[in-house]
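There are 2 protein chains.
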Amino acid sequence: MSNPGFVAVLEGSIVSMGDMGEASEIKADRILDAAGGLLMPGQVNSHCHAAMSLFRGLADDLPLMSWLNDHVFPAEARFVSEEMVYWCTKLAAAEMLLSGTTSVADSYFYEGQAAQAFHDSGMRAVAAQGVIDFPAPGVPDAADNISAAKEYIERWQEKDSLVRPAIFCHSPYTCSPETIKKAKQLAMDKDVLFFIHLAETKTETEVLLERYGKSPVQHLLDLGVLDAQTVCVHCVWLDQEDINILAETEAKVVTCPESNMKLASGIAPVPAMVEKGICVGLGTDGCASNNDLDLFGEMDMLAKLHKVAGMDPTILPASKVMKMATVEGADLLTLPNGCGRLQVGSPADCIILNMDQPHFTPFYNPNLLVYAARGADVEHVIINGRVVVEGRKIVTFDLQEAQKRVLELAESVKKFAK
Amino acid sequence: MSNPGFVAVLEGSIVSMGDMGEASEIKADRILDAAGGLLMPGQVNSHCHAAMSLFRGLADDLPLMSWLNDHVFPAEARFVSEEMVYWCTKLAAAEMLLSGTTSVADSYFYEGQAAQAFHDSGMRAVAAQGVIDFPAPGVPDAADNISAAKEYIERWQEKDSLVRPAIFCHSPYTCSPETIKKAKQLAMDKDVLFFIHLAETKTETEVLLERYGKSPVQHLLDLGVLDAQTVCVHCVWLDQEDINILAETEAKVVTCPESNMKLASGIAPVPAMVEKGICVGLGTDGCASNNDLDLFGEMDMLAKLHKVAGMDPTILPASKVMKMATVEGADLLTLPNGCGRLQVGSPADCIILNMDQPHFTPFYNPNLLVYAARGADVEHVIINGRVVVEGRKIVTFDLQEAQKRVLELAESVKKFAK
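Quick note, the sequences are listed as chains A and B, same order. If you count the first sequence from 1, position 145 lands on 144 in numbering that gives the first Met the number 0, and the numbers rise without skipping. If you count the second sequence from 1, position 322 lands on 321 in numbering that gives the first Met the number 0, and the numbers rise without skipping.
There could be a bad hint or two in this list.
The list treats identical chains as interchangeable, and a pair is accepted whether it falls inside one copy or across any two copies.
[Claimed, not checked] Capping the alpha-carbon separation at 25 Å, the derived lysine-lysine pairs in DSS-like fashion look like this:
hint, residue 1, residue 2
1, 414, 392
2, 201, 180
3, 149, 189
4, 319, 413
5, 319, 417
6, 275, 201
7, 213, 180
8, 322, 158
9, 26, 322
Derived by calculation from the structure, the hints in this document are not laboratory data. Quick caveat: nothing in here was measured; it's all calculated off a predicted structure.
Bound conformation, chain A alone (with noise of 0.2 Å):
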């Protein structure tokens, strides 16, 4: 590696960078020597159920109705609680942190535990509360799912700078157009983001045609809910008047295709959304149907896949990767300005990575950040001017508590599932 350089921070922002030949002239507190290492915006997860890792790996190799109805759904309403929600998503964030993540997408119940949980962690997050008319975790009656989440929004709205509330309809198949609506007004209401799962698969596609006679995305254009402001996770089912909507609305989109291959869902016309400017982002999914949180693994299968999937090596090329998993995932998730990016003025949310490593030996150009690099390069990650994890430890928190925690929940799960 060549061109050894410094960031300075001050009150959670860069306000310098040079070579390190100009570094003398900066007085600094503490200085976090990273010699050799290469220096990154930390990556934004543009959607997860941090809290799911519980589910991880319980139900795989299975039809996503299968795994959704037989599985996850059962296993959810028998160990979802505030401490599962709490612990689980603590053990997430470790995951993410450890892995170069510094902002996360989270949409689950209980949310308010898991903003407690990225808090205490001291992870950047958007912490989006469930709507779903069945009874959920936390919300028995269907019939309370606005009434609580505004009571969520309204807990966690001033309460952290770097975490964020915001509602998560689960879907157009799980919640009825009321719901719908009545979740959007309350998000523009508060201005808070609306997240949705839509069009995820061929499935729910024939459901909604024969329930409304329309397409997932017709659907919602329909109902009013597409502006910049709704966050559209899945599309893979899109036919082009679906992605010429998306981009007239501007309303955004996160793709994950790590889970959409393990489930069979589909491909999502990701090259088709980009040319059309909608802005993308990266997402894990939960990492029941994943089975990690790995957003360098996942940049490598999105690169790869689309590759493939379209017959052409020189779609999706790795700098557009990179960028959907940093600058479109910051910009989507409205994070504060400058948020993906490394240059004077941004958050300070970087990672180090190890480069001393034979597969990062030779390193002709960044492109092997997204063809090689793993989560498990991350040396040092540092949000908002903290370091969080130094030399692969997280130092915000006990994570052997967290995990400890987890394993004891995992033991009752395990007697369950048999």
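With the hints as your guide, set chain B onto chain A.
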């Protein structure tokens, strides 16, 4: 993790295995304490061009023919030397060992140098000398390609119990029918494996159709070179008749999903080959088209790719993929009996993973080794009873020296590529 156990090794082989309770009866000269770790068979990388580590990430996001003709072949013509093959193979061996690969099938030029590098690293290898109808590194006159291979095989045939020689015909589009037949005859005379790139791209099938009026597989069948000692690499563009031929002749197949995806070569019909009972191993290909040599990542990619390609999440379950990367690789490379398995009598080729990590928490079942494990999780590596990696450090050779030598070579490559 539960059920702590032990594995006892004598003269390179596993002589007993059991619960820790029984271990006290065993007297060992050396004990490797791996408490809390997971022990599994070392992985078998069934296709690699190890020395191409020098060209890692030199030319990304390009079509195969341009990648090969405009970048790889010119760089090879200029930079491949005995010294280059030795050091770059050694670096690749380090990368493979550190990611849990204990055996490799390598194919390149100056293969004696590669064989020496594998020998010096303590890795188990089938090292195949390249044969091509162009002037090649070490074989300036293509007319000498068979005699050069013969001389290499004779030199290495009885030299090392871990490193065995073999022949690698580059492909049916770069080798004449005469060359292919002679190379296979030599392989039969010497009782060594015969490797060939086959049906990798659509262009190749078109060229073969035009040149010989038949498919690549049919072409090899008619040349009489398909049998149980022939390993066909890639096999992307096959029809059902080709698959039947491979099954009937008992030819072996290696699939390299990451390389095929990145170069947009296509998706090999792996599930259809498996269905027909063909032995299919897993390879990384050279890391110029991947861009790493991590078989854990390759397993994940393989499993997920075929699920979404076949729109069926039950295709290639994790357990089958794990077999392809261990048992089937060992079988197709005709490695010593028991390789790729953990059983009494097997050569002690084992790896131990560090399970005390968030992405392995919880660990409900071994599928997680396919869907969440990565090379960096490998803590210790044992090959033929010898510890070659301990606590993530290569102990058989000086990795720093290999990295330094490769970086020196890379400086020249950089100038050339500009």
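Quick rundown of the hints versus the structure:
Taking the shortest Cα distances, residue 414 and residue 392 never come within 25 Å of each other, neither inside one copy (32 Å) nor across copies (39 Å). In this assembly of identical chains, residue 201 and residue 180 lie within 25 Å of each other by CA distance solely inside one copy; the values are 24 Å within and 49 Å between copies. With identical chains, the CA atoms of residue 149 and residue 189 are at most 25 Å apart within one copy only, with a shortest distance of 9 Å there and 77 Å across copies. Taking the shortest Cα distances, residue 319 and residue 413 sit within 25 Å of each other only across copies (23 Å), while inside one copy they are farther apart (41 Å).
In this homomeric assembly, residue 319 and residue 417 come within 25 Å of each other (Cα to Cα) only across copies, at 22 Å, whereas the closest approach inside a single copy is 44 Å. Taking CA atoms no more than 25 Å apart as the test, residue 275 paired with residue 201 passes inside one copy only; the shortest distance there is 23 Å, against 30 Å between copies. Taking the shortest alpha-carbon separations for residue 213 and residue 180, only the intra-copy value of 17 Å comes in at or below 25 Å, while the best inter-copy value is 60 Å. With identical chains, the CA atoms of residue 322 and residue 158 are never at most 25 Å apart, being 30 Å at best within one copy and 51 Å at best between copies.
Proximity of residue 26 and residue 322 under a CA criterion of 25 Å is satisfied in neither setting, with 32 Å inside one chain copy and 57 Å between copies.
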